[in-house]
Structures are given as structure tokens and as C-alpha cells.
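Protein chains in written order, with this note's numbering: chain R, 5 to 208; chain C, 17 to 822.
A couple of the hints might just be wrong.
What the hints assert, rightly or not - Among chain C residues calculated to face chain R with C-beta under 7 Å, some are:
| # | residue |
| --- | --- |
| 1 | A41 |
| 2 | E261 |
| 3 | A292 |
| 4 | G293 |
| 5 | I725 |
These aren't lab readings, by the way, just hints derived from the structure by calculation.
It should be emphasised that the depicted structure is a prediction, and the values quoted were computed from it without experimental measurement.
From the three backbone atoms N, C-alpha and C, an ideal C-beta is built for every residue, glycine too.
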Amino acid sequence: MNDSTGEARSGPSRRGFLTGTGAAAAAAAGLRGELAPAAQPNPAAPAHGPGPVLVELTVNGNKLSTTVEPRVTLLDALRNHLDVTGCKRVCDRGTCGACTVIVDGRTVYSCTMLAVEARGADVKTAEALGGDRLDPVPAAFADCDAQQCGFCTPGFVVSIRAALDKNPKATPEQVEAALTGNICRCGTYEQMRHAIVQLCRKGG
Amino acid sequence: MAEGWPKKRRLLGTKVKRLDGPDKATGRAKYSYDVNRPGMLHGVMLRCPHAHAKIKSIDTAAARKTPGFKALVLVLPAKDWIVVKAGGDALELRSVPNKKKKEKEEQRTVKVTPGVTILRKNKVVAVADLKPDDVVQVEVPDDAVGRELFFAGDEVAAVAADTEEHAEDALRAIKVEYEVLDHLVVEEEVIKNPKKKTTPGALEGNYDTTIKDATKGDVEAGFKEAEATVEGTYGVPVISHQCLETHGLVAEWDADGGLTVWASTQATVATAAALAGRFGLPPAKVKCVTHYMGGGFGSKFGPDVQGFAAADLARRAGAPVKIMLDREEEIIAAGNRPSATGTVKIGGKKDGTITAFAVDCYGSPGYTGGATINLNLMPYVYGDAVANMARSHKVVYTNAGVARAMRAPGHPQNCVLTEFAVDDLAAKLGIDPLVIRRKNLPPNNPKADKVSWAGRRHDIYTEQLDLAVKLSGWNEKWHPPGKGKPGAVRHGIGMALHTWGGFASGSTTPNECSVFISKDGTPTAETSTQDLGTAQRTVTAIVVAEVLGLMPTDVLVKLGESVYGFSSGSGGSTTCPSQAPAALLAAQAARDDLFKKVAPKVGADPKDLAVEAGKVVDAKNKKEWGWKEFCGRLGMDEAKGRGEWSLAISNEPENANISSGQVGGVQTAEVLVDSETGVVRVTHMVAVQDCGLVVNKLACESQVAGGVIMGLNYALFEENIFDKHTGRQVNPDMEFYKLGGLRDMPKITVHMQDMPERGVIGIGEPPTISTAAAIGNAVFNALGVRVPFLPLSPRRVLDALAKGGK
Numbered sequence: 005m006n007d008s009t010g011e012a013r014s015g016p017s018r019r020g021f022l023t024g025t026g027a028a029a030a031a032a033a034g035l036r037g038e039l040a041p042a043a044q045p046n047p048a049a050p051a052h053g054p055g056p057v058l059v060e061l062t063v064n065g066n067k068l069s070t071t072v073e074p075r076v077t078l079l080d081a082l083r084n085h086l087d088v089t090g091c092k093r094v095c096d097r098g099t100c101g102a103c104t105v106i107v108d109g110r111t112v113y114s115c116t117m118l119a120v121e122a123r124g125a126d127v128k129t130a131e132a133l134g135g136d137r138l139d140p141v142p143a144a145f146a147d148c149d150a151q152q153c154g155f156c157t158p159g160f161v162v163s164i165r166a167a168l169d170k171n172p173k174a175t176p177e178q179v180e181a182a183l184t185g186n187i188c189r190c191g192t193y194e195q196m197r198h199a200i201v202q203l204c205r206k207g208g
Numbered sequence: 017m018a019e020g021w022p023k024k025r026r027l028l029g030t031k032v033k034r035l036d037g038p039d040k041a042t043g044r045a046k047y048s049y050d051v052n053r054p055g056m057l058h059g060v061m062l063r064c065p066h067a068h069a070k071i072k073s074i075d076t077a078a079a080r081k082t083p084g085f086k087a088l089v090l091v092l093p094a095k096d097w098i099v100v101k102a103g104g105d106a107l108e109l110r111s112v113p114n115k116k117k118k119e120k121e122e123q124r125t126v127k128v129t130p131g132v133t134i135l136r137k138n139k140v141v142a143v144a145d146l147k148p149d150d151v152v153q154v155e156v157p158d159d160a161v162g163r164e165l166f167f168a169g170d171e172v173a174a175v176a177a178d179t180e181e182h183a184e185d186a187l188r189a190i191k192v193e194y195e196v197l198d199h200l201v202v203e204e205e206v207i208k209n210p211k212k213k214t215t216p217g218a219l220e221g222n223y224d225t226t227i228k229d230a231t232k233g234d235v236e237a238g239f240k241e242a243e244a245t246v247e248g249t250y251g252v253p254v255i256s257h258q259c260l261e262t263h264g265l266v267a268e269w270d271a272d273g274g275l276t277v278w279a280s281t282q283a284t285v286a287t288a289a290a291l292a293g294r295f296g297l298p299p300a301k302v303k304c305v306t307h308y309m310g311g312g313f314g315s316k317f318g319p320d321v322q323g324f325a326a327a328d329l330a331r332r333a334g335a336p337v338k339i340m341l342d343r344e345e346e347i348i349a350a351g352n353r354p355s356a357t358g359t360v361k362i363g364g365k366k367d368g369t370i371t372a373f374a375v376d377c378y379g380s381p382g383y384t385g386g387a388t389i390n391l392n393l394m395p396y397v398y399g400d401a402v403a404n405m406a407r408s409h410k411v412v413y414t415n416a417g418v419a420r421a422m423r424a425p426g427h428p429q430n431c432v433l434t435e436f437a438v439d440d441l442a443a444k445l446g447i448d449p450l451v452i453r454r455k456n457l458p459p460n461n462p463k464a465d466k467v468s469w470a471g472r473r474h475d476i477y478t479e480q481l482d483l484a485v486k487l488s489g490w491n492e493k494w495h496p497p498g499k500g501k502p503g504a505v506r507h508g509i510g511m512a513l514h515t516w517g518g519f520a521s522g523s524t525t526p527n528e529c530s531v532f533i534s535k536d537g538t539p540t541a542e543t544s545t546q547d548l549g550t551a552q553r554t555v556t557a558i559v560v561a562e563v564l565g566l567m568p569t570d571v572l573v574k575l576g577e578s579v580y581g582f583s584s585g586s587g588g589s590t591t592c593p594s595q596a597p598a599a600l601l602a603a604q605a606a607r608d609d610l611f612k613k614v615a616p617k618v619g620a621d622p623k624d625l626a627v628e629a630g631k632v633v634d635a636k637n638k639k640e641w642g643w644k645e646f647c648g649r650l651g652m653d654e655a656k657g658r659g660e661w662s663l664a665i666s667n668e669p670e671n672a673n674i675s676s677g678q679v680g681g682v683q684t685a686e687v688l689v690d691s692e693t694g695v696v697r698v699t700h701m702v703a704v705q706d707c708g709l710v711v712n713k714l715a716c717e718s719q720v721a722g723g724v725i726m727g728l729n730y731a732l733f734e735e736n737i738f739d740k741h742t743g744r745q746v747n748p749d750m751e752f753y754k755l756g757g758l759r760d761m762p763k764i765t766v767h768m769q770d771m772p773e774r775g776v777i778g779i780g781e782p783p784t785i786s787t788a789a790a791i792g793n794a795v796f797n798a799l800g801v802r803v804p805f806l807p808l809s810p811r812r813v814l815d816a817l818a819k820g821g822k
């Protein structure tokens, strides 16, 4: 069930021991493999702002548009201007993962991306995993009670969905590695491990 | 005689998935933070940047001209005035004295300059609109001058604008001059300067030494009797609730002068009542909605300054306003858990008897508030078995935000100060600390009911210790402190015990639940209580479904709206033991009403009818009807029932099996400690917990595992750190205020003791209490050196190793 106990069974080892400690700090330092590389400045690109700029993008399959100032993050554009609120604002500085969305196939902290950077992008939030057929990831969370207050949950669910999309044969350890940038306060990690095991057994 | 819980349990105690699981996991659940009302404005708070200051001047003129600006509110006490004379730019007012408080009538004359705002019946009015005897509220910017602010983060003003960005711009345009005053943010600095005064109140300094000592027996004689005595100083820091959904609300006034708020709160009814009071409204005209709540942990019981400000901005702007705090505000200004540092002396005998216990401790609740620890609960859990004690506590006021209740207030601190000392004593005596724990368990009270906690607490703890020993492999894994396998990475195991109440709410008005059964057979349960993530929505559905022979998914639960009858705030683990019995009685009453209304139509006597899974049966006449078929005979009628429950009702002897209180728990921690890097890793936690009648085993286990994880965070990561020079918190965020991630978590073994005969008891708080103490003791067991202060950061571990425990 739970590989974190493996080291206890086979005796302490330094390598296994250090895995995972300080997960939050590692994520903050940008070590998270799934993050998109920073965009390089393009001198030929036109300047935007300071007034509102038209942002057109696809969110969960729907073509949407809004006008926002260039300083507005993708998270705030989604929540405040497009009423897409599955992505949550918690730390607002790229630490906790509650705002995780999938932009053109890659997980992104939507609080660290400007809305204007997402023009033309295909954005998926947790809402895309609901609808008529519940996606196996949120279904596993519901089955295993891997959520309490649930405010961090959409971020975790999106991160797991992306990890499994990338590697449908991912092991529970690999899925856990994709969650080093997500934080839960209620302490649902034990039940989350049950959900991850269920998902990996079913092949994502 | 109450019917009580069903003898045969079909759903109760089983694992039931929470009803709102898919909605939460797919982002469809709308939290208060997610509510976007048509035409809604965004509000933000202006806060004092200094740890202690007075406002010298405030100029809002420029802010009012920024793009998108809609309204501004100064944070000042609310007060009603009666118009004596109004004309031109002058307003003569007299106060409404509170006769109960023996207030005298005041007069004041206000020159109505552009910054002055006048409100009548919650609408902004001009001087020309006023008549004598009108009741008004008046905001005069000069009233803010001289206001003293006591921490970096103290609220000064709030603005609302069409976008959040514009609101931030307007906030930056407010010009405030401060007179910066001396501050103290580090507790040890307060103790060093006991006469230095930087906080409000009547004390000479910031150091309150007047709390009464709690003594028992003869502590000196007890220490003389001891075969070994140890003294140590241990402590836990101030930490933050870190609710992921921050505090705040959306406020909207309607055309009839009513107010609706969507608030992130643990108390819909109390929040609505506080707003009604503040804005002079009958309680029925305020509605507080909390359909989903993103964590509270004891910090969210009312509108708070920002909630009043949002409603005030909304009445001034004539549009809905949302204020949700940002992460920094959440940490500095929305509550915290107070610290406790104590010097503990403990003496005992080789058979494990604690002969004497003395503690002298202090802690900080911020700039105001009371004691941070409950001395009467020291030594924690073992107090009733120890004959001789001396206990004292002092309060240290610092220029920091004020503490609020946090998950079992005082208990984790009490637990650490006690359980660290117990293990240090065991080491000195050269015995397994389990021996001390077994020897000093609280005795059963032979006069108490055998079903009650008091009548069997010694037995409950003994059974829990046996289970924890077995599940953790204690007897095989425990070794004398520091005497495990040699090597850089050392293994240790530790233990701690806890207790908590978890009774039904003691509020005078009982908690209510109503159940309606419509002719299509759907039962609807209505209650104003809130689901903080505890699965209360599902608890109500399970109870109603159990009584009516249905499945939880068949029940429509409407909760989290203050208009659905009375409910108390969700604090003290009182919600489930208040609401589950209320739902039980409501469902039973609705069922009886259904029988009464339908029996004549099917030629039965209501007394002969009973519910079985999916049907109604008349055993006497050997007839049965499907549930929907039976309910269909209601025709245009509906069946309904109401239930109410409180501590007083639960205390009636015939109700002891419906809900009760007081639980015990034992936790063990196994750790690996790297003696070269100082990193602590917890590898296995065992939590043995009782909570009476388990309603939903799945959610119950989640609560316990979640409590353990929160306790692990207290043990290893969490601390509010202040800079004594600037007076500001240096880590009001989530990267330097550390919380563990999935890969920091151990395997967690939860064992629930089901004791249905004790009725429902709350479970939210107890399982977080003893975790940190158990982990601290495991680290001691690994190293043979006490790391006395939490969190057990690498630096603290290495410092303790360097000092060799001296």
C-alpha cells in the first residue's frame, strides 16, 4: 500500500530518508518537473497595456474571451472575469498548487502565469473532469475520501490527471512525485495515497 | 422515553462516501470565495505596516479619484446618532445613550466636508435629506486621527472598486501618516522588560503575572518522596491556522434593506446575528450562506473586521462587495494558536508513580487576550492520578495579531509540556515510559455510570494502550533513549495520550434539524449548520436514511444557511453530537407524521407500521408497501418532523446513549533522525481513538488521519517567526511557513474504538492533540537527547545534539 514504510522495513538509508523532505520548499524553488519553462522575452513582440487587453482562450472546451489588464494573472482572469472557480487562490505565489491548471497539456500554477501569456491557449481546470461522466481521478478521491474541506482538492486532482495523462502506467511513487507542489491543510494525504493506489491499479 | 438509535444499524458505522465528494473534486462546489454576484465589486483592506503606531493623519481624497473606485470605509467603532439639526454643511447630533451601561448623552457637531459620509437606514444620504430625530451613522476621517494600532496588520480602512486591481490602486493612494511607537514582538524581550508597555489594557507592562496558581497536595513533600527528579524547559511556538480558503465574505443588500452574505464561517447563525446587530437590522433580514467551507480550525466564528467592512462598502456603493483576505493577511490578522513555554519539574518512583509535578509557564496570545494554556489540565491526562502539584502561568503580550481557538485549544500545548517531562523522567528512572503512563492513568470513578467516561476512563485508556503497543510493535521497537542501532540515521519510537470533550453544544437554544417527506418519497433535511469538511452533510443524510430505510444518496440535505433554524458554531467538536441527534429526532418525527397521515388511506393503524429497507411494513396484518408507493399516498400533503438537541437534553439520563462526551486517545510515532543533518522523518504513526457511536467510519478515519497530519506539521514544520527590529512576521506565506506535502507523510494506522452505547461524540479535535508530543518523544528516544522546542527543525535537532542535552 504505502512505500514510505519500505525503508523502515529494510533499515534506514540516507537516500530513501531524504526523499520528500521539504517538498514545499523544493516546489517554491521551481524544481517541479511539470512546470513550463519561463518564456523568453521576444523583442519583436508588441507591448501590451497598461489598459485592458483582449484575451481569448479555450477553457474546458469552450472558447471564451475577456478584457483584462496585463498585470492580471491567469488565475484571477479565470476566477474573477470568467467565473471559472475550480482553480482556487490560496497562496497566490506559486507554492501550494491549489490553482493548478493544464495549459496546452502542461500543468501550470495559474497564479504565476499572466492571462495575456495564455492568449490562444487551451486551458483545462478541474471542472473538465466532471460533467456527465466523472473522470477516474475525482472518482477515486470521492471513493477513498481523499478530501475534507476540499479547497486544495481540484489542484491535486488536476496534477494527478496530468501525471497520468503523461504516463498512464505511472507507479504510485511517480504520481506522488507529481504532487510535490501541492499542499493540503486538512491532512488528507493518507486517503489520497489510497486513491492513487486505486488509480494506478486501474491504469489511470 | 426517546426512541434512540436503531438497534439494528444498517448504515451507521459503515463507510459511506461523502455526498459532495465529486462536486468538490471537480471544482463544481461553490465556496464563499467562489461566489461572483452580478455587478460585484472587489474590496481590499488597508493595514498598518508598523507593529505599534498611532495615526497622525489620513487623506483619502486621491484614492477616491482612482479609476474604478466605488467606496471607502474607515475602520472605526460603529455608533448611532440622532439628528438634532441639519443644514448647509453642519450637522448637530446627540448620542443614543445605553442606559444599561449608564452612558451619558453626548453632543457633537460635524462639519460635512467631502470626506464625511452620512448613512441613514443603511443608505448614504446628504445633509439636505436629513430631518431632526433621524437615526444616522456618521464617518468623519478625523475620528481616525490618534487611533492606536497594535500590530503590523491592524486594520485601518477598506476600499471597493470595480476590479481587484483597481481596488489595490485605490488602497495605495490612501495617504496615512503614522507616529511609530515602540514595539515588542519577541516573548523573551517582554520578560526581560517587564515594565515596558506596548499593548493596550490596564497592566503596567506587557507581562501579566496575576493568573491564579493551581496547586494540589504538598509538592515539596512529593519531590522528597521521589526516587528521581528531572527539570526541563519545553515549548511550542505561535502557529497559524492556515485555512486554505481565507477569511472573508461577499455582501449583498437587497431592495428591501435586507442583507445576504456568503461567508467562509464556522457559524452561519452567529455571523448573521452579528451583522444584524452591527447594521441595526432584525435578525430575520440577514441571511448567511456557507454551502462549502475551506477550513476554519477554530478561527472563523463571525464576520470579523473585513466582513463588517465588506457589508459597509456594499451599502455605500449600492452593489455587492467581496472581501477575501490574501495569504499574508490570513496569517497575520485572522487568528493564530498561542504559544506555551514551560519549565517543568517532575519526580517519580521506579514503579512509575509520579509523586510530584510542578510547571511554571508562559505564552503569548498576541496583543490582547487571556491565558494560553489550561493549568487545571496539567499534568495533561495524568492530573487526577498525581497527588502533588504546583502550577503557574503568565501571559506575555506582544505586538502581534490576536490568538483564536485552534483545534483543541490549549491541549496540544498541555500535552507537549507534560509528555516531554514524562519521558525525561522515565529516562532518569531507567524505565520504559509506558510504565509511567500505565501507572498514572486517571482512575475510574466508581460512583459514575459504567457507560460514561468517568466510570470507565481507566479501562478505556488501558485498552487503548494495549492496542497502541500491539499496532506499533512497541515492545519490540522501544529501546532506552539513544540506545538503538548505531549509525548516522537513528531510529526512535515515542508515545503520548490525550483527551477531549466532544459533547453536544452547550448553547441555550438547542440545535435544530427539520425533515420533510414529499409525495415522491424524497426526504429533505434542513439545518443551518455548516459542513467545514467534516462531512456533516453526509452525516445528516446517513442518519435520515437510516431511520427512513433509504440510502444516503436518496436524501436531499440543505445546510449552511442561517435561515434553516438555529445551529451553534462548529467549535469544540460539538457539531456531530448536536446535529446527528437532531436529525435522528427529526427523521423519526417525520416518519411518525407520515404513518399518521397515510395509515388511514391504506387501512392500517399507525402503531402497526414500521420502516424496513426501501419499504413500509405492517407486520400485524402482513402487508407492505414500497417506500415511494407509500409516500405517494400523501397526495397534496407532506410529512414533516423537527428535532432539536443540546447538551442539556443529552444530560437527561434517558438520553445518555444518544450523545455524550469525553474521549481518550493514544498515539505512537516512529521516527528516523539523521544525526548529521538534523532532519527528522516520521515513518509510522498509530492513532487509537474512541468517539462513542461512529456515524460514518470512512469520514471518521479521515478526521483522525487528518488530525495526525496536522499534529505532524506542528511537530516538524510550523512556526510564526517575527523580526524583533521591524516588528513584522517574516514568514506570512506558504513557502517559509512550512507545511508538509504528501511525501513528508508517514504510514498512518488508525484504529477507531466503536462504543455505540455512549452515543455520538465529536471527533474533530482529539486526534491532533498528542501527535506532536509523541513525535518529540520519538526523537528523544532516537537520540537520547531532548530537543525541547517545537518545531523539531534540523537546526534545533543539531543544536540539541551539540549541547548533548545539557
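Violations among the numbered hints: 3, 4
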